[in-house]
Every structure is written in structure tokens, then in C-alpha cells.
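**Q** The residues making up each chain are set out below.
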Amino acid sequence: MAAKKFNYKNALEEIEGIVQKIESEEVEMDELTTMVKRAADLIKQCKSKLKDTGQELENIIENLDE
Amino acid sequence: MEHLSLFTLNKTIGEALAKNLEPSYWVVAEIGEMRHNQKGHCYLELVEKEDDKIKAKSRATIWSYTYRNLSGWFESLTGQSLSAGMKILCNVTVQYHEVYGFSLNIRDIDAQYTLGERAKRRQEILQKLMDDGVFEMNKELNLPIVPQRIAVISSKTAAGFGDFMDQLTGNEFGFQFDIQLFQSTMQGDQAAASIIESMHQVFSSTDDFDLLVIIRGGGASLDLDCFDSYELGSHIAQFPLPVVTGIGHERDETVADMVAHTKMKTPTAVAEFIISGVRNYEMKLEEHFNTLVNKLNETIEEDISKLSLLSFRFQRNTQKLLNEQHLILNQREQTLKFGHQNALKFHERKLDELKYILSKHPKRLVQKQQSMLDHLDKELNVLDPEQVFKRGYSITTVNGINIHQLKQIEKGANITTITENLVLESTIAKSKQRKKS
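Respectively, the protein sequence lines represent chains L and V. Count the first sequence with my numbering and you get residues 4 to 69, in order. Count the second sequence with my numbering and you get residues 6 to 442, in order.
In case anyone wonders, no lab produced these hints; they're calculated from the structure.
Chain L stretches covered by chain V per the calculated footprint, using a threshold of three residues with CB under 8 Å from any CB of chain V: (1) 19-25; (2) 28-35; (3) 41-50; (4) 56-62.
Ideal Cβ positions, reconstructed from N, Cα and C, are used throughout, including at glycine.
Build the full structure now, drawing on both the sequences and the hints.
**A** Okay, here's the thing in C-alpha cells:
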């Protein structure tokens with residue numbers, strides 16, 4: 004499947020969904036690893052996105068003063 | 006028959022007259038005819054009329070020497086030369102010549118009488134015109150603001166007309182005039198009728214003209230009697246266009262002058278009057294134009310200073326506005342700089358929280374399952390029959406039925422008991438109900 008464009012909001016909602024499921028203990032043991040892995044992956048992507056966004060904003064703001 | 010020669014008779018008549026008459030008489034008479042010969046003598050016919058009928062008539066002479074003095078003096082006093090139709094008071098001696106017969110020799114003329122006569126006649130005409138109610142009529146017309154279409158009644162060959170034309174066409178301001186000449190006789194008996202005829206011609210195209218000018222030829226002759234005509238005065242007074250006269254005399258006004266809208270002394274003066282009217286209008290226009298230009302300049306200057314003020318205020322306010330906006334932008338920039346960091350931190354914290362939950366919670370879930378499994382294992386251990394056998398318990402069945410499911414067992418019945426190591430077959434000797442504590 005072609006890499007879907009990363010969407011922070013959707014990613015965050017998915018992570019929160021997973022966390023909610025895990026907290027409510029509804030989760031099937033068989034799915035647990037898969038879900039945690041998915042959540043960890045999404046968190047990683049979100050953090051990367053935050054970092055990139057931060058960098059980009061710094062650049063933009065720096066250019067403001069020119 | 007006794008008789009006289011004609012000469013003797015004539016001589017006797019002459020002597021009788023000389024004897025009986027005064028040396029001279031002052032006589033009032035009208036000049037009927039008048040002529041001069043080459044030697045400068047003047048021959049006249051004096052008449053007295055009553056209702057246009059000749060009542061008396063005499064030949065008269067003024068010898069050249071007397072005539073030169075008299076006529077010059079008479080003209081200088083009356084503004085008129087001696088001419089036919091004129092009423093005079095003259096000093097005469099009665100003469101009788103054997104060949105030429107009876108005649109009067111004029112030795113002096115009282116010019117004051119002629120002046121008085123003329124003034125009297127003029128006064129009568131004026132009174133009649135006033136009685137007719139027409140005297141002021143032409144004066145009541147309005148002069149056109151710019152008289153440019155001018156009808157002229159004059160004699161084409163006259164010097165006065167030439168002066169008038171030169172003055173008008175050569176005016177220093179370059180004004181253009183549309184001048185039409187209506188030819189007329191300007192002196193003598195026929196003048197009044199001729200002028201009236203010309204006025205009829207002008208009247209038939211009144212709309213083509215702004216003004217009627219009546220100018221006289223000028224020159225040596227100063228015969229003005231025709232302008233003291235009642236008929237001419239009446240026509241001028243009632244003419245529908247303003248009439249300006251320039252009859253060319255200095256001393257007194259004729260009837261024509263008095264009823265005309267405006268009287269000027271000479272044709273040149275009439276031209277100047279017309280030009281000055283146009284010039285006045287032009288000057289008024291120039292004045293209005295200058296006023297307009299000044300007003301415009303004032304308005305423009307006012308507008309310029311208004312604009313300058315506006316421009317200044319605009320600049321000042323714009324600068325103020327720009328400064329304000331600059332400040333706001335700076336504030337926003339600061340907010341943005343730190344705000345985005347805050348937002349990022351917020352998200353980071355949230356992600357960290359989620360990560361923490363994810364790092365802790367699944368483990369706990371696994372541990373919980375683990376302990377549940379352990380518990381189950383323990384329970385399973387407890388329930389295992391082998392374990393029960395080991396702890397000393399046994400299982401008894403009757404005909405394959407677990408003994409604890411039975412309420413009673415008959416005596417002699419066979420039971421099977423299984424222990425850890427043995428299978429026992431027994432027969433029931435006795436059974437009774439167990440009392441539970």
C-alpha cells in the first residue's frame with residue numbers, strides 16, 4: 004500500500020483510541036502486542052512531525068526579521 | 006400834350022422818395038431768394054408771407070464789402086449762413102435808380118433777431134412734439150449693450166461720413182461693425198424729407214440694426230434749419246431704434262438733437278460714443294474675467310493648502326498607524342515564537358503521557374493474566390483427584406453413581422471405593438442418615 008500522507012490529528016486520535024482500549028482492559032491478549040507496537044510507531048511518527056514542525060516554524064520566524 | 010421823359014419821371018420818383026423817406030429803416034423780412042455774383046455782391050429777394058402767400062416782395066442788395074463783414078459776423082453768431090427761408094431784421098435804405106428801379110440796400114442785419122426767431126420756432130416745434138406725447142419716446146429706448154449693426158443716414162460723399170467710417174473701422178480695439186449707409190440729402194429744403202425717406206427704408210428692416218445714426222456732412226455750410234423740422238423731429242422721436250445724432254455744430258441743439266436718444270456734436274464723436282459703448286462692455290467683460298481668474302486662483306490656492314494639510318495629516322496618521330501595526334506585529338511575532346514552542350511542548354507532553362501509559366499498562370495486563378493463570382493452576386492442582394487421593398481422600402460409587410449423589414443405600418448393596426493405591430469392592434452392612442452440624 005502506498006504510504007498514506009501522515010496526519011497528526013488522525014494519528015493522535017488512533018493512539019488515544021488504543022490507550023483507551025488498553026486502559027479499559029477490553030483488549031484481547033492476542034491483539035495487545037500489535038496494538039502497542041502500532042501505538043509506539045504512531046507516537047514516534049508524531050514526535051518526528053513535532054520536531055520537523057518546530058524546526059520549520061523556527062525557520063519561518065527567523066525569516067520574519069529579515 | 007405836356008409830358009415827361011421816363012428818365013425825368015424816374016428821377017422825380019427817386020427825388021420824392023428821398024425827400025419823404027427816412028435815411029434808413031429796420032425791416033423784418035424773410036429771405037425769399039439769394040445769390041451772389043463774381044464781384045461778391047449779394048442779391049436777394051425779401052418777402053413777407055401770410056399763410057404761405059406772398060404779401061410783399063422787394064429786391065435787395067448787399068454790396069460785397071458789407072456782405073463779407075456781415076455774413077461772417079452773422080455766421081459766427083448764429084452758426085448759420087444767411088440763406089433763403091431765413092427771417093431777418095435788417096437795416097435798409099430805400100433806393101430808386103433810374104435804370105434799375107426800386108430796391109433796398111441792406112447795410113446791417115440784427116443776428117439776435119434771427120436767433121430769437123429760430124429759438125421761438127424751435128420752441129413751438131418742441132412744444133408740439135411734447136403735446137403729441139412723443140418727445141421722450143426715443144430716449145426711453147434702451148441702448149443695446151454692444152451696438153454693432155449700425156444704420157447710418159448721411160451723404161456718402163460728405164467729409165463727416167468719411168470721418169465717422171474712419172473712426173469706427175480703424176478703432177484701436179479692433180471691434181468689428183456692420184455699417185449700412187442710407188443715402189440722404191443733408192442740407193437745404195429737401196433735407197428733412199430726404200432724411201425721413203431714408204428712415205422709412207431703415208424702418209423696413211429694423212431687426213437688422215441695433216442703432217440709427219444721423220450724421221451730417223460738415224464742411225463750410227452750417228445750414229441746420231432742416232433739423233429743426235417738426236416732421237423730422239416727430240419721426241426721430243417715434244423711431245423704434247435708438248437714434249444718435251452727429252449733426253456737426255457746436256452752439257445749440259436742433260430739434261432733431263433734442264428728440265434723439267443721444268446727441269453728439271460731430272460724426273467723429275458719434276463713432277467714439279459707439280466704440281466707447283463696446284469698449285465699456287469689453288472692459289466689463291475683462292473685469293469679470295479678471296474677477297473670475299482671481300477667484301479661481303484663490304480657490305486653487307485654498308485647495309492646495311487644504312491638500313497640503315491633508316497630506317501632512319495623512320502622513321502623520323499613516324506613520325502612527327504603521328507604528329501601531331508594527332508594534333502589534335512584534336507582539337504577535339513574540340507570541341508566535343513562544344506560542345508555537347508551547348504548543349509543541351503540549352503535544353510532546355501528551356505524547357509522553359500516552360507513551361508512559363503504553364509502557365506501563367500492557368505490562369500490567371500481562372502480569373495480571375499471569376497471576377490469573379497462576380491462580381487457575383493452583384486451583385487445578387487442588388481439584389486434581391490424584392492429589393485428593395494423595396491427601397487421603399477416596400471416591401465411592403454405587404453402580405457407577407457417585408455415592409454423594411445418593412440419599413440412601415440399601416443393606417447388602419455393593420459399592421466400589423477407589424483410593425490412591427487400591428480399588429475396594431464392599432457390601433453395605435448398615436446405613437443411616439448423617440447428622441450435619
